[in-house]
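> Kindly generate the complete structure, drawing on both the sequences and the hints.
Heads up: the sequence lines are chains A and B, in that order. Residue numbers in the first sequence follow the numbering used here, run continuously in steps of one, and reach 441 at the last position. Residue numbers in the second sequence follow the numbering used here, run continuously in steps of one, and reach 1441 at the last position.
Each hint should be verified, as a subset may be incorrect.
Stated by the list, open to error - Heads up, incomplete: computed chain A residues facing chain B, CB under 10 Å, no partners named:
| hint | residue |
| --- | --- |
| 1 | V67 |
| 2 | A143 |
| 3 | G398 |
Unchecked claim - Heads up, simulated EDC-like pairs for lysine to aspartate or glutamate below, C-alpha to C-alpha not over 20 Å straight-line:
| hint | chain 1 | residue 1 | chain 2 | residue 2 |
| --- | --- | --- | --- | --- |
| 4 | A | K334 | A | E360 |
| 5 | B | K1130 | B | D1109 |
| 6 | A | K151 | B | E1008 |
| 7 | A | K282 | A | E305 |
| 8 | A | K381 | A | D167 |
| 9 | A | K334 | A | D345 |
| 10 | B | K1387 | B | D1109 |
| 11 | B | K1151 | A | D148 |
| 12 | A | K334 | A | E305 |
| 13 | A | K183 | B | E1431 |
| 14 | A | K217 | A | E305 |
| 15 | A | K217 | B | D1181 |
| 16 | B | K1130 | B | E1431 |
| 17 | B | K1317 | B | E1296 |
| 18 | A | K151 | B | E1254 |
| 19 | B | K1183 | A | D181 |
| 20 | B | K1151 | A | E258 |
| 21 | B | K1215 | A | E178 |
| 22 | B | K1152 | A | E258 |
| 23 | A | K151 | B | D1148 |
| 24 | B | K1334 | B | E1178 |
| 25 | A | K215 | B | E1178 |
| 26 | A | K152 | B | D1148 |
| 27 | B | K1317 | B | E1276 |
| 28 | B | K1217 | A | E178 |
| 29 | B | K1151 | A | D181 |
| 30 | A | K151 | B | E1258 |
Simulated from the structure, these hints should not be mistaken for laboratory data. Treat the numbers as computed from the prediction; the structure is a model and nothing was measured. Just so it is clear, CB atoms sit at the ideal spot from N, CA and C, and this is done for glycine as well.
Protein chains: 2
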Amino acid sequence: MDRTAIGELNEKVGSEVRVAGSVSVRRDHGKLIFFDLRDQSGTVQAVVTPKVDAHKVASEMRPEWAVRVGGVVNKRPDNMVNSEIPLGDIELEVKEIEVLGRAQELPFDTDAELNIDTHLDYLPLTLRTKKSRAIFKVQSEIAYAFRDSLKKCGFTEFQAPKIIGEDAEGGASVFEVEYFDNKANLAQSPQFYKQIMVGVFEKVFSVGSVFRAEKHKTTRHLNEYTSLDIEMGYIEDHTDVMKFTSGLMRVINEHLKETCKEEFELLGAEFPSIPEEIPYMKLREAQELIKAEFGEDGVGAPDLEPQHERMISEYAKNQFDSDFVFVTHFPTSKRPMYTYPDEEDPTYTKGFDLLFRGLEILTGSQRIHDYDQLVESMKKKGLVPEKFSFYLQAFKYGMPPHGGFGMGLERLTARFLGLDNVKEATLFPREINRIDTLLSE
Amino acid sequence: MDRTAIGELNEKVGSEVRVAGSVSVRRDHGKLIFFDLRDQSGTVQAVVTPKVDAHKVASEMRPEWAVRVGGVVNKRPDNMVNSEIPLGDIELEVKEIEVLGRAQELPFDTDAELNIDTHLDYLPLTLRTKKSRAIFKVQSEIAYAFRDSLKKCGFTEFQAPKIIGEDAEGGASVFEVEYFDNKANLAQSPQFYKQIMVGVFEKVFSVGSVFRAEKHKTTRHLNEYTSLDIEMGYIEDHTDVMKFTSGLMRVINEHLKETCKEEFELLGAEFPSIPEEIPYMKLREAQELIKAEFGEDGVGAPDLEPQHERMISEYAKNQFDSDFVFVTHFPTSKRPMYTYPDEEDPTYTKGFDLLFRGLEILTGSQRIHDYDQLVESMKKKGLVPEKFSFYLQAFKYGMPPHGGFGMGLERLTARFLGLDNVKEATLFPREINRIDTLLSE
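This is the structure in C-alpha cells:
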C-alpha cells in the first residue's frame, strides 16, 4: 500500500492507510497507548489497543523513533475532538507498526524553551522542533521568492567562487586558506564577480555563503552566512536599485503571506508593513533626526550605532508606517573603493543601507563604472590598482552604469520573524569558539 | 522615453525608440557607420548617417562601449535583409548616442577560437562572447529546474555551512582554513548536514560550493565547484533514489528544451535521450561487459577508469538509447562509512554513480540510518566515532531510512552541452596554479 501523507488523513476517514513518520510523544492510558506521529505534512494522534500485536512494539516506542504504521482512520468521539489543532477530529487506529529507526532517550524535553547554547549543542535534535522547522521553512521560502522574483525580472543567476586570491583590499576580517603552495582567502562577498557578470548578463544575482572573520560574538554577527546578491546594469543612479529593492521586499512579503501564514502564527510573528516605496533619508538627516527626536547626538559620525538604527526604524514605523527604511549617503572615506561618490558632494556616496525593524539587513550602492575613475578611487584609498588587474578588466573593456546590493538571508529571516538572535535563523552557525561543537580555546 | 528591449524592436517598426547596450562590432562604409548593438534580449544593426551629430561619437566608438541610443526602427531594404539572424530584417536609424561607458581596444578578436588559458586570463571579457553567455544561461536554467522540480516534489531547501571542523574522515583532498586560534576545513560536500536535515524536513536539497584540494589539473576536476545535493527519507532502498534521479534528469532536460533551444543550437549541442528509467548495472557486471565488448580487462578493480566510463556510456547509448547509465554496487571498502552495505553481499554497497555521456556526474547511495550500525561502520574504517559526535546525534535520536546524491553543476552543464573541458562550464575555475590570475609557483 502506498504511503499517505499525514496531512491528508482527514480525507481518508474509514479507510485503511499506511503512514510513516517520527513519534513526537507517547501517552499511556491504562492499556491504551496513544502517540503523536508527525511527517512533513502534519501530525496525527494514533491509538494502539492491547488487541493488536503492535501493542508490544508501541509500549517500547520513544519520541523520535521513525516508524511505518498501518491502520484505519477514525472520527474521534465528540468529547475527544481537539479543535485547536489540525487533524484534531480524527485518530489513527493502529493495526501494524514497523520500526524504521530507533532513538535513544532524549536529553531534555524538546518542547521546553532552551537557552541558545543548549540549542546549538544539540542542533541535529533541536532543529526538529516545531519552532525551528517553522523558521527554516520560512527561510527556504524567502530564498525561493528572492530568486523567483529576480528570474521573472530578467536577472540571470550565477555561481560566485568562494576561494579568492590575496585580499587586495586589505580587510581585517578575512579568513585565510592554505591553497596548495599559496595563501588564498575566503570571499567576504561576491562583489567583484557580480560586477564582472553585469558585463556578461546585464542583470545578475547570486545566492551563496560569504565569510567574515569577525571576532565579536553578538546577536547580529555570523562568521559564515548566506548572502543574497544582485547587481543590475543600465541604472540612472542608486535610487533605481532602491526602488527595485522596495518592490522585491514586497514580493517576498507577499510570497510569505501566501506560503507561511501558519509558521508566522506559530512564531507569533507579524508580516511587516512595506510601502510601495520604502522611505529613505541621508545619514546626516538621520543623525539630526535622532538628535531631535531621541536626544542622542551622533551627528557627524561616519555610521549609525545599533541603537541609532533602532531609533530610525522606530521613527519610520511611526511616521510612514514602514518596517523598512533606507539610509543613504554614507561618507566616501568609509565605503569601499567601488562605491559611486555623489557628484553634488563627493565626500558622500550614492550608497545605502536598508534597515528592517531596527537592524541593517542590506548594503548597496551605485558602483563606479568608469575605468579611470575606479583606478583613481583605488589610489585614494591607498590601494594598488595592479593587484586588481583581473577585476579591472571588466571596466577596461566597457561597463554600463550599474549598482546592486548584498543582503544577509539569516538576518532577513530573523527580522521577518522577530527573532532577537540571528543565530536562531542560522541552521549551523559558526562562532569564534564553535563549529558545530565547541572548539578548544 | 523608456528603454526598449532590443529583442522587441521588430514590433516597433516606424517608431522612435530608446535602447541601451554594448557595441559588438563597428563597420564603416564610406560616411555611413554601422554598428551592432546588443543587450540581454538581442542584437540589432544600427546605422549612423553623417547628417546627425551622433556621427562624431559613432566614429570614435569601439567594441564593448556601453551606449544609450535614440533612433527610429526601419525595415531594411529587401537586398539588405539577413534572414539568417534574428532582427535581420530591421535596422535602427540612429538620432542620438549617449556614451555610458568607454572601452579600451580589445586584446584580441573575441569571436575567434581562444585557447583555454587565454580564455581564463581574460574572463571578464571572454565571458561576454555568445558562446560563453549561452553556456552560463544553460547553467542557470539547470540550477533553476533542479530546485523548482524538487520544491514541487516537497523537498525543502537548506543552506549548508562551508567551514567545517577538523576533517574526521581524514581525507587527503581537503583545504585548511585558519579559523581564529583553531584549524578548520572547507567542506568537500554537505553530506553530514543534509543527512541531519532529513531528520528535520524529511526531504531536502542544497545548492552550494564545495571544495576539493585535488592536485591534478585535468579536464574533469575543479578545486571548487557547485554541488547539487538531495537527501530523501523513508526510502525502501537506493533504487528509490535512482528512480527519483531518472525523473529529475528528465524534468531538467525538458526544461532546457523549453528555455534553451537557441543556446543548444548555437553550441551545436544535442538534447540527451533519457529513458523513463535510466538503465543500471552493477560494477562487476559493467566490468565483465567492458571485457566482453571492448576487450579491456578491469574486472575486480574497485572503480571504473575514465575510459571505462566512456565505454559503459557507449554501450548504454547503443543498447538502451540512453545517454545516462547508473553503475551500482561499488566495494564497501572504497565507499564512505555512511554508505549502506547490500544485505545480500555486504562487501558491496547500495551506492551508485551516474554516468552521462561518458563522465561520472553524480554519486549517491542509501545511507546507514541505524546508530549502532553507523558507529560500527566508522570503526571498521578505522575512524574514531567520538570525533563524529555532532553528526551522530541525528542517528542517536532517530532517523528513517534515507538516501541521496551529490552532483556537480559544472560537469552536468558540460555534458549537456558536449563541452570537453569542465572549465568551459565553470565561470571562474580554481586550479592548482590559478585563482583568476596565475599564482606564483
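> Please write out, lowest number first, the hints stated earlier that are contradicted by the structure.
Failing hints, ascending: 10, 16, 24, 29.
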